[in-house]
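If you read the protein sequences in the order shown, they are chains A and B.
Position one of the first sequence corresponds to residue 285 (my numbering), numbered consecutively onward.
Position one of the second sequence corresponds to residue 154 (my numbering), numbered consecutively onward.
Quick caveat, the hints were computed from the structure, so don't treat them as lab data.
Accuracy of the hints is not assured; some may be wrong.
Not the full set, but computed from the structure, chain A residues with beta-carbon under 8 Å of chain B [said to hold, decoys possible]:
{"hint": "1", "residue": "P292"}
{"hint": "2", "residue": "Y294"}
{"hint": "3", "residue": "N310"}
{"hint": "4", "residue": "G324"}
{"hint": "5", "residue": "L327"}
{"hint": "6", "residue": "P359"}
{"hint": "7", "residue": "L374"}
{"hint": "8", "residue": "D381"}
{"hint": "9", "residue": "L382"}
{"hint": "10", "residue": "P383"}
{"hint": "11", "residue": "N384"}
{"hint": "12", "residue": "D391"}
{"hint": "13", "residue": "G392"}
Below, in silico cross-link-like pairs of lysine-lysine (DSSO-like), each with a Cα-Cα straight-line distance of 30 Å or less [what the hints assert, rightly or not]:
{"hint": "14", "chain 1": "B", "residue 1": "K223", "chain 2": "B", "residue 2": "K250"}
{"hint": "15", "chain 1": "A", "residue 1": "K355", "chain 2": "A", "residue 2": "K293"}
{"hint": "16", "chain 1": "A", "residue 1": "K341", "chain 2": "B", "residue 2": "K189"}
{"hint": "17", "chain 1": "A", "residue 1": "K293", "chain 2": "B", "residue 2": "K189"}
{"hint": "18", "chain 1": "A", "residue 1": "K355", "chain 2": "B", "residue 2": "K189"}
Selected chain A positions facing chain B (in silico; Cβ < 8 Å) [stated by the list, open to error]:
{"hint": "19", "residue": "Q325"}
{"hint": "20", "residue": "A365"}
{"hint": "21", "residue": "G390"}
Here a beta-carbon is modelled for each residue, glycine too, at the ideal position from N, C-alpha and C.
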Amino acid sequence: DGGITQSPKYLFRKEGQNVTLSCEQNLNHDAMYWYRQDPGQGLRLIYYSQIVNDFQKGDIAEGYSVSREKKESFPLTVTSAQKNPTAFYLCASSITDLPNQPQHFGDGTRLSIL
Amino acid sequence: GQQVMQIPQYQHVQEGEDFTTYCNSSTTLSNIQWYKQRPGGHPVFLIQLVKSGEVKKQKRLTFQFGEAKKNSSLHITATQTTDVGTYFCAGGNQGGKLIFGQGTELSVKP
Chain A
285 DGGITQSPKY LFRKEGQNVT LSCEQNLNHD AMYWYRQDPG QGLRLIYYSQ IVNDFQKGDI
345 AEGYSVSREK KESFPLTVTS AQKNPTAFYL CASSITDLPN QPQHFGDGTR LSIL
Chain B
154 GQQVMQIPQY QHVQEGEDFT TYCNSSTTLS NIQWYKQRPG GHPVFLIQLV KSGEVKKQKR
214 LTFQFGEAKK NSSLHITATQ TTDVGTYFCA GGNQGGKLIF GQGTELSVKP
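With these hints in hand, go ahead and build the complete structure from the sequences.
Below, the structure is given as structure tokens:
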């Protein structure tokens, strides 16, 4: 059964700590995305990747980093520089990065500050 | 940057009443997509509209794309408790990006 798997479902971060959110897809999609969702603010794009070994900053990239070493994987690191990391993080993928392609989402990771 | 504005932010209806959410963009869109996110869940793709003035239906849901390709609406006829969730529009812009609206949270009272 193809899809997108995000882990963990819940994550807690201590002050000054970097944490990494996992996103894996077996849909053979080229494009992958990370969004942050806060109440009442919809989905805001953090980073996206059109193809392996390439990624671009989205609207709110500060305090985050990503890598795309494999087509299937697009991990997101929330660094200590992100002062307000508490949010719901969603990973998505699409066949290509064209805007007419539907995006498929994972179940999300809820990140909180300890 | 370009924004896609969606209203209302919240809508509370009695079961059986109709519901409409609206999206507006300041610039022409290449396409518009609609997603539904159930409480505690993730967004799920519902439909895409591409042509000017396009209207599509899915059972009780009617989706419209404006003539100028700058606005869109989702109308649900005779809401049911299973319609509860947040509905997002997402517009494709000339730069090849998909811009999400803020979403409309629908609650349905039985």
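Structure-inconsistent hints, enumerated in ascending order: 1, 2, 3, 6 and 20
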